[in-house]
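Enquirer: Sequence order for the protein chains is A and B. Residue numbers 1 to 471, in UniProt numbering, belong to the letters of the first sequence in order. Residue numbers 1 to 471, in UniProt numbering, belong to the letters of the second sequence in order.
Because the hints were derived from the structure by calculation, they are not lab data. The structure presented is a predicted model; accordingly, all values stated were derived computationally and were not measured. Wrong hints could be hidden among the right ones.
Since copy identity is lost for identical chains, a pair holds within one copy or between any two.
Unchecked claim - Heads up, simulated EDC-like pairs for lysine to aspartate or glutamate below, C-alpha to C-alpha not over 16 Å straight-line:
1) K229 <-> D90
2) K229 <-> E205
3) K282 <-> E205
Protein chains: 2
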Amino acid sequence: MLGPDQCLFALEDRWTYAFDAGGDRAVPLAVVFAHTPDDVCNVMQYAAARRIPVVPRGAGSGLTGGAVPAMGGIVLVLERMNRILEIDTDNLCATVETGVITGTLQKAVEKKGLFYPPDPASAGFSTIGGNIAENAGGMRAAKYGVTKQYVLGLEVVLPDGRRVTLGSKCIKDVVGYSMTELFVGSEGTLGVITQAIVRLVPLPETIKTLAVSFPDIQAAGQVVPMLLKTGVTPCTLEFIDRFCLQAVRKTGLSDPVASLISPDTGAMLLIELDGDEDAVAKEAATVRQICGQCGATGIHSARNPAEREQLWEVRRSIHGALAGLCPHWLEEDIAVPPASIPDMLEKLAALALEQNLRILSFGHFADGNIHLSVSEAAGPLSPQRAGEVTHQIFSLTKVLGGRIAAEHGIGLAKKEYLSVNLDDDTLDLALQLKKMLDPSGILNPGKIFPTHDHQPGNPDAANGVYPPGII
Amino acid sequence: MLGPDQCLFALEDRWTYAFDAGGDRAVPLAVVFAHTPDDVCNVMQYAAARRIPVVPRGAGSGLTGGAVPAMGGIVLVLERMNRILEIDTDNLCATVETGVITGTLQKAVEKKGLFYPPDPASAGFSTIGGNIAENAGGMRAAKYGVTKQYVLGLEVVLPDGRRVTLGSKCIKDVVGYSMTELFVGSEGTLGVITQAIVRLVPLPETIKTLAVSFPDIQAAGQVVPMLLKTGVTPCTLEFIDRFCLQAVRKTGLSDPVASLISPDTGAMLLIELDGDEDAVAKEAATVRQICGQCGATGIHSARNPAEREQLWEVRRSIHGALAGLCPHWLEEDIAVPPASIPDMLEKLAALALEQNLRILSFGHFADGNIHLSVSEAAGPLSPQRAGEVTHQIFSLTKVLGGRIAAEHGIGLAKKEYLSVNLDDDTLDLALQLKKMLDPSGILNPGKIFPTHDHQPGNPDAANGVYPPGII
Numbered sequence: 001m002l003g004p005d006q007c008l009f010a011l012e013d014r015w016t017y018a019f020d021a022g023g024d025r026a027v028p029l030a031v032v033f034a035h036t037p038d039d040v041c042n043v044m045q046y047a048a049a050r051r052i053p054v055v056p057r058g059a060g061s062g063l064t065g066g067a068v069p070a071m072g073g074i075v076l077v078l079e080r081m082n083r084i085l086e087i088d089t090d091n092l093c094a095t096v097e098t099g100v101i102t103g104t105l106q107k108a109v110e111k112k113g114l115f116y117p118p119d120p121a122s123a124g125f126s127t128i129g130g131n132i133a134e135n136a137g138g139m140r141a142a143k144y145g146v147t148k149q150y151v152l153g154l155e156v157v158l159p160d161g162r163r164v165t166l167g168s169k170c171i172k173d174v175v176g177y178s179m180t181e182l183f184v185g186s187e188g189t190l191g192v193i194t195q196a197i198v199r200l201v202p203l204p205e206t207i208k209t210l211a212v213s214f215p216d217i218q219a220a221g222q223v224v225p226m227l228l229k230t231g232v233t234p235c236t237l238e239f240i241d242r243f244c245l246q247a248v249r250k251t252g253l254s255d256p257v258a259s260l261i262s263p264d265t266g267a268m269l270l271i272e273l274d275g276d277e278d279a280v281a282k283e284a285a286t287v288r289q290i291c292g293q294c295g296a297t298g299i300h301s302a303r304n305p306a307e308r309e310q311l312w313e314v315r316r317s318i319h320g321a322l323a324g325l326c327p328h329w330l331e332e333d334i335a336v337p338p339a340s341i342p343d344m345l346e347k348l349a350a351l352a353l354e355q356n357l358r359i360l361s362f363g364h365f366a367d368g369n370i371h372l373s374v375s376e377a378a379g380p381l382s383p384q385r386a387g388e389v390t391h392q393i394f395s396l397t398k399v400l401g402g403r404i405a406a407e408h409g410i411g412l413a414k415k416e417y418l419s420v421n422l423d424d425d426t427l428d429l430a431l432q433l434k435k436m437l438d439p440s441g442i443l444n445p446g447k448i449f450p451t452h453d454h455q456p457g458n459p460d461a462a463n464g465v466y467p468p469g470i471i
Numbered sequence: 001m002l003g004p005d006q007c008l009f010a011l012e013d014r015w016t017y018a019f020d021a022g023g024d025r026a027v028p029l030a031v032v033f034a035h036t037p038d039d040v041c042n043v044m045q046y047a048a049a050r051r052i053p054v055v056p057r058g059a060g061s062g063l064t065g066g067a068v069p070a071m072g073g074i075v076l077v078l079e080r081m082n083r084i085l086e087i088d089t090d091n092l093c094a095t096v097e098t099g100v101i102t103g104t105l106q107k108a109v110e111k112k113g114l115f116y117p118p119d120p121a122s123a124g125f126s127t128i129g130g131n132i133a134e135n136a137g138g139m140r141a142a143k144y145g146v147t148k149q150y151v152l153g154l155e156v157v158l159p160d161g162r163r164v165t166l167g168s169k170c171i172k173d174v175v176g177y178s179m180t181e182l183f184v185g186s187e188g189t190l191g192v193i194t195q196a197i198v199r200l201v202p203l204p205e206t207i208k209t210l211a212v213s214f215p216d217i218q219a220a221g222q223v224v225p226m227l228l229k230t231g232v233t234p235c236t237l238e239f240i241d242r243f244c245l246q247a248v249r250k251t252g253l254s255d256p257v258a259s260l261i262s263p264d265t266g267a268m269l270l271i272e273l274d275g276d277e278d279a280v281a282k283e284a285a286t287v288r289q290i291c292g293q294c295g296a297t298g299i300h301s302a303r304n305p306a307e308r309e310q311l312w313e314v315r316r317s318i319h320g321a322l323a324g325l326c327p328h329w330l331e332e333d334i335a336v337p338p339a340s341i342p343d344m345l346e347k348l349a350a351l352a353l354e355q356n357l358r359i360l361s362f363g364h365f366a367d368g369n370i371h372l373s374v375s376e377a378a379g380p381l382s383p384q385r386a387g388e389v390t391h392q393i394f395s396l397t398k399v400l401g402g403r404i405a406a407e408h409g410i411g412l413a414k415k416e417y418l419s420v421n422l423d424d425d426t427l428d429l430a431l432q433l434k435k436m437l438d439p440s441g442i443l444n445p446g447k448i449f450p451t452h453d454h455q456p457g458n459p460d461a462a463n464g465v466y467p468p469g470i471i
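In isolation and in its complexed conformation, chain A is listed as follows (with noise of 0.2 Å):
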């Protein structure tokens, strides 16, 4: 059925798609490669005639374990599917496969003057068809939405085998059902993306970053509610807090970064502007106005694209400073509505001071979105610790109507805490859905769903399937 060179099945082959960028393992009982979308039906429908599990993989970036083979079965790597089969600069859309790099479908339509705006941090490496599974976000959601947004149709593989295509290349289409949509976000349970038509816009003429540095969080906090006011939607409001800067501060730094942070500096917004030349310059007075309002304590604007890389080095660096800091952080991804940021900020504060917890943030401040790493004061969180902490943030979150999860996903991760935000009928609806394209539950089996609510695959299947499962 598929070549020699498509599939892998020697152990320590096998070990390296055990996982993805989260912290859950499981070793599969195959590794295969598709390279075409005929290969895909062909594994979906051997394995529903022998109910084995499979777990479509992208890259393998994800951060919630959506790749990871949780029940065993076959990891199906989709990576080799990577042409970008056409930019329609006349309809300003792009046709792709789905192992096509994000980025690199960014270069390409950039090229021609058009622009792909959902950027998720892993754009270098992660895949278009695992940017639409999980419904990525990134840096420019406030002004230009995530990637579902961008979705106007996909060819998927449901789980029997059988190939659809939905949607087409026109934005107004109302043809049916909103099934384009169903499978964006649906972490790969319910169909396996193989290509999809993506809308592009035009590239903006211009771009200007400036780095803010403040004296404290709250301050920081304050700048996104009043900047929205004003009419001034930033591409990107990028917020980094004092222990992020400080880790980052000791990994050393040149100007005209190093004069920004001071030890003093207790937060800092890396903001950036898009459009027409003029307009920005104009915003970008406005920012300048509000920051000072706010009690900024320097501002600084890059000159030229090098400045730029070096002002975004701050918040690339932050992963790396942070593993210096403490080995393993317990790390979250929540949303609130924005003008609810410096409120979180303050109850992630009190709720540090009384655990005794660091608790960092950074993130994308524009569209509430915040990403959090715990410890403990002088180490990593015990597991048990890890779950308490979760579900107090969690709660925090909740009460200032905010989600758990904003853009990494649910997967193996977050799946036991999903009734914080959803009721039991949704539930039920989004279980029968589920059940109803995937009645074996043989797609990947064992992510979204809370453990006792979806029992994945056949509980009795011979042959040694299930088995290594999470390890």
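With chain A's structure known, arrange chain B on it following the hints.
Expert: Frame of chain A; chain B shown alone:
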């Protein structure tokens, strides 16, 4: 269960709710007005227990029969649930009851410096719930997208009377499947929308309106792809053809419009640009240049709001003017990829010539949406000819990668043509979805699906529930 002012049983009252703005009509057994979401739950529970069809209805302004009680039963009118519950200027969103008139919402948020972009031509009288159920489009889709891009959350009553709350105020929200999106565009067949959270954006600083005349339709059609390539995305780009212009001209026009539309004028574009004042001025210069290159014979830029209204009057007069030419037109609402508009117009002209038809077109060109009015050269089409012509137009649409329904829904009017765009497996999925959510088929039966695929309701329902049916 409901107050005496909430039910109508008299034949003359029921007749009033037998139709929407399309051509189909059927008399319901009862008309019921919901005042609260609980009323909706109670009506659905009552009807589900007795297997009585229920047809939700907003303002009844739909054009494809979505609110027509095709199988009799209860018309559930939602227009009294018409409160704007909150305009959240901090988080750029509004929470509204389903029966709020879209234009009322637009005006209310504009007073607060915000903007709800979806703008169907019916905005002055259609409801937000109806707009969401139909995934309404309108004038500004090329720049701002359609209704689905603005729905953050929904409260929905399911066919069995359960109420679910979907989504949130968060732009980034990946908790569970895209259930909110599933109900958008489901035409009232999967659930009854009772409340919505809609996303708002800052009100553009300025808006510029230009009317441009052309010697023929092909010249005007060339503007769209050329303009999109320059990076200018007009907020509105309305097209009006020779027939429509001449029909409007006969109703009497005053300057500045009268001097733009001579007996030789073959086509007109109504272009609006919005955003930052300087940026709009630059874009207007680009528009003028491209229109000139495409052979424009006259350009008028509105100098004040009154002139803007005059320019729009041309577009608004079309329906009335056409009614004067022919008592009944076959009306279609199709979409093609925008660059295919010149091609589609040519094919339609050839069809008109070959079949001796009048085919009048106007519509939203930047997003590829064409509205067509068709008659014989001498008068209305016979029902059989209307069916044949519809099939021919849809075939031409499909060849260009287009869709048979852009923004007016499928409803009763187009359900027999669904297979032009949806393959068997996709249609099968949609039917499964309908059966999953509405196992007894009582919610808006007879809509969307081809009649042979969907035998709605309880076929052996006693007590005359189904008649009168379509008359």
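Enquirer: Now look at each hint and say whether the structure bears it out.
Expert: Each hint tested on the structure:
| no. | hint | verdict |
| --- | --- | --- |
| 1 | K229 <-> D90 | between (35 Å within a copy, 7 Å between copies) |
| 2 | K229 <-> E205 | between (24 Å within a copy, 13 Å between copies) |
| 3 | K282 <-> E205 | both (15 Å within a copy, 12 Å between copies) |
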